[in-house]
Amino acid sequence: GAGVSQSPSNKVTEKGKDVELRCDPISGHTALYWYRQRLGQGLEFLIYFQGNSAPDKSGLPSDRFSAERTGESVSTLTIQRTQQEDSAVYLCASSLGASIYEQYFGPGTRLTVT
Amino acid sequence: KNQVEQSPQSLIILEGKNCTLQCNYTVSPFSNLRWYKQDTGRGPVSLTIMTFSENTKSNGRYTATLDADTKQSSLHITASQLSDSASYICVVSASGGTSYGKLTFGQGTILTVHP
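Protein chains in written order, with the working numbering: chain A, 1 to 114; chain B, 1 to 115.
Source of the hints: derived by calculation from the structure; they are not laboratory data.
Hints are not guaranteed to be accurate.
Stated by the list, open to error - Some chain A residues judged to face chain B by a derived CB distance under 10 Å, without partners named:
#, residue
1, Tyr48
2, Ala88
3, Cys92
4, Ala98
As the list claims (entries may be wrong) - Below, a list of computed lysine-lysine pairs in the DSS-like style, where the Cα atoms sit at most 30 Å apart:
#, chain 1, residue 1, chain 2, residue 2
5, A, Lys57, B, Lys17
6, B, Lys1, B, Lys57
7, B, Lys57, B, Lys17
8, B, Lys71, B, Lys17
9, A, Lys57, A, Lys15
10, B, Lys71, A, Lys57
Here a beta-carbon is modelled for each residue, glycine too, at the ideal position from N, C-alpha and C.
Construct all of the structure, not just a fragment, from the sequences and the given hints.
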């Protein structure tokens with residue numbers, strides 16, 4: 001019955017390493033979203049899943065970013081060959097469906113690339 | 001390009017006072033508009049969601065308005081409290097096509113309530 005959870009809560013990695021961020025949505029929520037929020041900036045849409053499919057990947061900033069979702073549940077966001085500009089808080093949200101349904105946000109993963 | 005612009009960028013008010021935050025958008029086709037409150041270090045929390053046919057919606061001391069013709073929305077906070085200090089984000093959802101379900105976020109208005 002818990003809300004959206006994300007792990008890890010904090011991640012420090014060296015430039016050039018790969019990282020994997022995890023999101024566990026609220027059970028039964030078919031839509032899942034990933035956002036990025038740089039320090040002092042607004043939220044930036046990355047990708048959205050309906051079920052296990054991603055109808056909109058338009059926000060992924062480069063081919064170093066990829067995401068998948070399995071079992072209409074957990075999702076992972078992978079960043080390959082991290083760069084310092086990837087440092088941000090990565091937020092995941094889920095909702096019962098797309099569009100009108102309210103999105104519930106997780107606490108985010110703070111990624112720092114050194 | 002779909003855009004959401006908010007004003008002011010930041011606002012300082014005294015506890016107990018009212019304030020109004022503005023949001024202009026160019027998202028098309030329009031589905032709905034949301035206002036979120038984001039406390040520092042936390043994920044956003046929804047305050048209101050309005051569709052095309054709704055022009056006002058309240059949630060406690062928060063009242064949102066929507067003018068779909070001029071593509072403007074406002075969030076009015078009544079009798080502000082210290083706990084209202086946060087970033088308030090206007091978010092617009094598009095409908096149809098590949099933009100279905102995608103939200104466009106404004107940069108937010110940072111509200112600080114002083115005692």
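Results of checking the hints against the structure:
Using the Cβ-Cβ criterion of 10 Å, the hint placing Tyr48/A at the interface with chain B is satisfied: the shortest such distance is roughly 6 Å. The interface hint given for Ala88/A is broken, as the beta carbon of that residue sits about 13 Å from the closest beta carbon of chain B, more than 10 Å. Evaluation of the Cys92/A hint against chain B yields a held restraint, the C-beta minimum of about 9 Å falling below 10 Å. A cut of 10 Å between beta carbons decides the hint on Ala98/A: the least distance to chain B is about 3 Å, and the hint holds.
Using a Cα cut-off of 30 Å, the hinted pair Lys57/A and Lys17/B is violated, with the two alpha carbons roughly 43 Å apart. Between Lys1/B and Lys57/B the CA atoms are separated by roughly 27 Å; this keeps the pair inside 30 Å, and the hint holds. A threshold of 30 Å between alpha carbons decides the hint, and for Lys57/B with Lys17/B the separation of about 20 Å falls inside it, so the pair holds. At roughly 27 Å between alpha-carbon atoms, Lys71/B and Lys17/B fall within 30 Å of each other, so this suggested pair holds.
Note on Lys57/A and Lys15/A: the hinted pairing holds, with a Cα-Cα distance of about 24 Å set against a maximum of 30 Å. In summary, the hint linking Lys71/B to Lys57/A is supported, as the alpha carbons are separated by about 26 Å, within the 30 Å threshold.
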